[in-house]
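Q: All chains should be built: construct the whole structure from the sequences, respecting the hints.
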Amino acid sequence: MAGRGRGQLTFSVEIVGIGKGENLPPSSVQPTPLFPPLAQKPVPLQTGEEAEYMLALKQEFRGAMKTLPFYIRPAAPKKGQFGVKDELCHKHGFAYMVAESPAVPKQPKQPRVDKEEIIRKLETLEQKEEDGSSDEEEGEKKKPEEEEAEGEEGYDEEEFEDETDYIMSYFDNGDEFGGDSDDNIDEAIY
Amino acid sequence: MTAQEVRLCGLLLQEHFGDVVEKVGTHLICSGVLTLRALAHETKLPLDLVKKSLCVLMQHGMCAFGAGRRGPAGPVEYHIICEHILHMLRYPRYIYTAKSLYGDTGELIVEEILQSGQMTMSSTVKTVADRLTHNMPEGQSMDYSEVVSAFSRLVETHFLQRCPPMASAGSSSSGAVNTPLPAVTQPTKPEDHPECYRLPYINLTGQGKRRRSSEDGEAEQRAAKKAKTDNSERGDEGIYWQVNFQRFHLHFRDQAIISAVSCKLDQASSEIVRTMLRMSEVTTPAHAAFTQALSANEIFRAFPSSYNIARPILDQYLTLLVDDPMEFVGRTGDSGGGMYVVNLHRALANLARATLESVVQERFGSRSARIFRLLLRKRHLEQKQVEDFAMVPAKEAKYMLYTLLSENLVQLQEIPKTPDYAPSRTFYLYTVNQLPTARLLLQHCYKTVGNLIERRLYETKENKRLLEKSQRIEAILASLQATGAEAAQLTEVEEMITAPERQQLETLRHHINKLDSSENQVDETIFLLESYINSTQAPP
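Quick note, the sequences are listed as chains A and B, same order. Anchor point for the first sequence: position 61 equals 61 in the working numbering, and the numbering is continuous, going up by one each time. Anchor point for the second sequence: position 388 equals 388 in the working numbering, and the numbering is continuous, going up by one each time.
Treat the hints as calculated values from the structure; they're not laboratory data. Worth double-checking, as some hints may not be accurate.
To be verified - Taking lysine-lysine pairs in the PhoX-like style, the calculated list, with each CA pair at most 20 Å apart, reads:
(1) B:514 with A:41
(2) B:464 with A:66
(3) B:52 with A:66
(4) A:66 with B:23
(5) B:464 with B:514
(6) B:461 with A:66
A: Given below as structure tokens:
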């Protein structure tokens with residue numbers, strides 16, 4: 001087909017039946033539609049006692065199979081399967097997980113240390129509440145001042161440390177990015 | 001395995017056995033042969049789930065194992081038998097056939113064995129008797145002996161067969177060399193076992209037990225414990241029975257031939273063909289091209305007593321059948337008043353051809369069907385000849401031929417006059433090859449069933465909330481009725497479903513029923529095309 005111009009065919013179209021200069025239908029430039037309109041209406045389904053009985057048999061069989069022991073349901077993900085490794089992973093970060101052998105399937109991690117941390121947090125919050133209720137009135141006045149001061153300070157620090165035009169987070173090299181998503185280390189961190 | 005077959009197998013496995021088995025099964029189909037460790041590693045499923053899935057598949061005869069590539073010393077390799085998964089589409093038809101031949105008892109026996117894959121005779125008899133007793137009025141119960149007799153009849157006519165025994169691996173305590181594990185490429189067929197159809201002797205007497213709804217939980221536990229101890233006393237442990245699919249397929253094939261004869265000719269001819277097929281049921285091997293030769297005298301004697309036609313009329317009918325262009329019956333000799341055979345393979349080919357023609361007619365119209373039939377009969381025709389023979393105007397003939405060509409139902413064959421295939425000096429002939437076209441249509445059928453199943457799952461998922469609500473309300477109603485509630489309470493519960501919701505449920509049920517019965521109907525076409533394609537292949 002390479003050679004004298006485009007559109008040259010290897011056989012003469014007259015033989016296949018297309019006459020010279022005849023109008024051919026335009027070539028299609030898209031895939032055929034997903035539900036093309038039917039030229040003929042399809043024949044109706046068979047009805048009758050036999051068809052209905054077989055339909056009932058089919059549906060009953062399907063229902064019965066779901067109750068038999070052959071229907072295997074996937075096991076629910078178990079918590080804390082890795083035990084010690086969970087704690088170490090949280091302390092030392094992602095790098096520790098890489099040292100594991102690759103054959104072990106990575107399950108979604110539910111760290112066991114959660115409960116202890118939560119209990120500790122609750123205790124500290126309780127103490128804070130007790131302290132806070134006594135110092136409430138003083139604290140209320142101080143807090144908005146402190147927040148403003150912090151905000152300004154933070155603002156000052158970030159923007160004007162070196163008198164550059166860029167905020168300091170512009171120069172970060174992305175070490176802190178993604179450090180808070182320790183739970184799902186299935187995806188690689190780019 | 002083609003992509004459509006794999007997809008359909010996956011959907012069937014998911015419907016009947018759940019997602020885990022589906023994942024394991026489809027992966028094993030795509031990979032061919034795998035060891036257990038490789039399978040667990042590649043599917044990333046826990047090992048025990050993979051083991052359970054393989055056990056389920058083997059129980060139902062869909063998976064087989066054999067010595068691996070490293071020989072008997074290495075790990076065992078598993079492979080899937082795809083045809084058995086696709087047979088799941090046909091289960092309702094098997095059960096219905098058993099019902100029509102052997103009544104309700106036969107129906108329940110086949111249903112139980114299909115649900116469990118393999119069962120011992122005693123457990124089947126007990127389960128079926130209990131189920132039949134449950135449906136009988138109060139006070140009556142089904143005797144085990146009736147169920148045993150139905151089971152025996154199923155085995156005698158080869159509809160049920162023993163499962164082939166497992167070759168024991170490496171358990172040579174006496175030092176003798178045991179039969180090695182069958183190689184993966186040559187699975188043992190159940191028929192190779194000489195006692196395939198021998199009924200074991202079991203002493204099973206008693207009647208079906210009726211299950212009381214109040215004692216359900218306890219009774220089941222007691223029954224389960226009793227079953228474990230009972231089996232060892234029955235005398236048939238280790239002898240499992242499975243459904244003989246091939247026998248059912250032969251039966252369906254015979255039914256198709258008989259109904260084709262009765263449609264084409266008349267009732268009497270179909271009775272003659274039915275008698276001939278019945279007589280040669282036992283003597284004809286499964287893949288034979290035609291039945292054993294039967295003389296006209298034998299056919300006359302074997303007629304059912306209710307149906308009597310005179311001897312000369314029988315001869316005339318036989319001559320008619322032989323002369324018919326469909327060639328269902330052939331004459332092979334003159335002794336005994338004429339020796340006649342039923343041409344099984346030719347009948348299947350004709351049935352497949354009729355299916356193809358019908359598909360073209362329903363999709364493209366009767367004129368395209370005429371062109372298609374013409375090409376089937378005349379093999380190769382040029383464009384001009386097609387127009388002349390089909391008596392269709394040139395432009396329409398062209399258009400129809402190109403539509404059929406784009407659907408791959410018609411092929412273009414080049415016949416060169418010169419060795420350089422110059423276009424001006426080459427004949428271009430249209431042709432239809434029946435076997436490849438049948439294969440193409442079979443793949444379309446698999447795709448169709450896959451689409452039907454997916455649409456049904458989609459419809460169910462869309463209306464999941466509504467279905468769950470209606471199920472809960474039905475459960476509440478049932479429990480209220482059981483405890484004897486007033487009519488007012490019942491109507492109150494019923495009104496919890498609003499009228500438009502009822503309408504929606506009704507529409508949903510109608511759609512799902514339509515999709516299900518479409519699957520059944522497509523399966524009939526699948527059976528015909530599969531039988532034709534298998535008949536053209538050399539017997540294993």
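Q: Against the structure, test the hints numbered earlier, and report the numbers of the ones violated in rising order.
A: none
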